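Protein sequence lines, in the order shown, are assigned to chains V and F. FYI, in our numbering the residues of the first sequence are -6 to 298. FYI, in our numbering the residues of the second sequence are -12 to 147.
Calculated from the structure, these hints are not laboratory results. Please read these numbers as outputs of a predicted model, since none were measured by experiment. There may be inaccurate statements among the hints.
Think about it this way: if two alpha-carbon atoms lie no more than 20 Å apart in a straight line, the pair counts; the simulated EDC-like pairs of lysine to aspartate or glutamate are [stated by the list, open to error]:
| hint | chain 1 | residue 1 | chain 2 | residue 2 |
| --- | --- | --- | --- | --- |
| 1 | F | Lys65 | V | Asp14 |
| 2 | F | Lys65 | V | Glu228 |
| 3 | F | Lys65 | V | Asp68 |
| 4 | F | Lys65 | V | Asp76 |
| 5 | F | Lys65 | V | Glu21 |
| 6 | F | Lys65 | V | Asp208 |
One letter stands for each residue in the lines below.
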Amino acid sequence: MNVIETSGLGKSYGSTWALRDCTLAIPEGHMVALVGPNGAGKTTLLNLAVGLNAPTAGSITVLGKCAAGSPAALDGIAFVAQDMPLYKTLSAADMLHLTRNLNRRFDRGYAEARLGELGIPLKRKAGTMSGGQQAQLALTLALARRPRLLVLDEPMATLDPLARHDFMATVMAAMVDDGVSVLLSSHVLTELERVADYLVLVSRGRVQVAGEVDDLLAHHRMLTGPTAEANLYTEQLNVVHARQGEAQAHLLIRTNGAADPVPPGWEAQPVGLEELTLAYLREPGAAALPGPARRADTKIVGVAK
Amino acid sequence: MTLDKGSSRESADSLESTSGRSKIEFRLDSASGLPTYLQLVQQVEHALRLGYLRVGDQLPTVRDVVASLAINPNTVLKAYRELESKGLAAGRPGQGTFIEGVLGRVEFPELTQFRRSLLEWMAKADRAGLDEDGIAALFASSLWDFRNRGHAVADTEGAA
């Protein structure tokens, strides 16, 4: 089952396209990282997925073939928006009560047990909780709906390191306990490296990279060798991004697998998720989408030492 | 303040210990440069070599690892599959993953011998003016060559 499937999806505001030509098929069971610069279209895509917005072009279905925003889709998706929407003057117990009455499905026992585990008193008002506790309360309310897909929009932006860790640990434990799939937007790359196993990179309103992290990493290499030879290989290799000093050059290439030959005298190193993501963000013209590696339409650019 | 810290630690502990204490606790080292699943694999191998883990011991459950390190459960599963394919561990349905094999087919006297010849080589490199970082870089790059281009490299270089 695909948790999100889009075809030619687009959303415009007036004459500006916030997202266009977006075709995705994200399978279930993953923690999907949605990354991209500010204004790239991340929140637009999330809002379309949870049914807060209707597409201008193309189509989007969730959880199999449910239309985004349909009752079946709403039952199966929980969304925690960027600003952790909680009523500051309501207590945790009131928030539980409210959420239960606003949703067809709500597991009150689960929610109370979780808050107990976290040491959040039911009587405490949301406004007097720490940032970490507010985030955990919002997350608990979302998970108590027993969703099959949890959508989180920049959930950790305001949290301190310990609160981030605990928040993510809760999300990951929910993946194990309930088999929930997760779609998380963030631009903190370092915190995604450990948690994400599927990457969707959006930039300038288009999907630039989509795929399982392991596959993406297995199909990219960093080649290091003499700058004098770098231009020889750009014709033969699928170079995503190049960094060149006077003597030594680093070429991040997309390969067809680990068996690709390494030019003599060059060293090939695996790349990490952060390095890969940064390379694509610096080259908005390059793309890594499902299908065989094709030559990226980027030229090698000299970089000052 | 003190109370707050106490309660948050308590909650972290209760997340971690769902099925009693396990023999080892994983940790992550972002400076190692290794993918997370390989770090887990290496820590199990290390624990086996040092005797923290023995045949029949249960590895931490996926949920426990995930809740304490905040990493993707698929990463833990991948590490455990890797240990299974190496013959070091086996999954028991509904129970968890258990240590099955032992490491180190090389006996202790032989290890000592290898260690001695490596130390001799290092002393030689030191006399030639190579510093510690230089030795480490050379070792890492040779190991990479050995792994990726096989024994042929060693043979041709040995002959030269």
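(request) Hint by hint, work out which the structure violates, then give me just those numbers in ascending order. (result) 1, 2, 3 and 4
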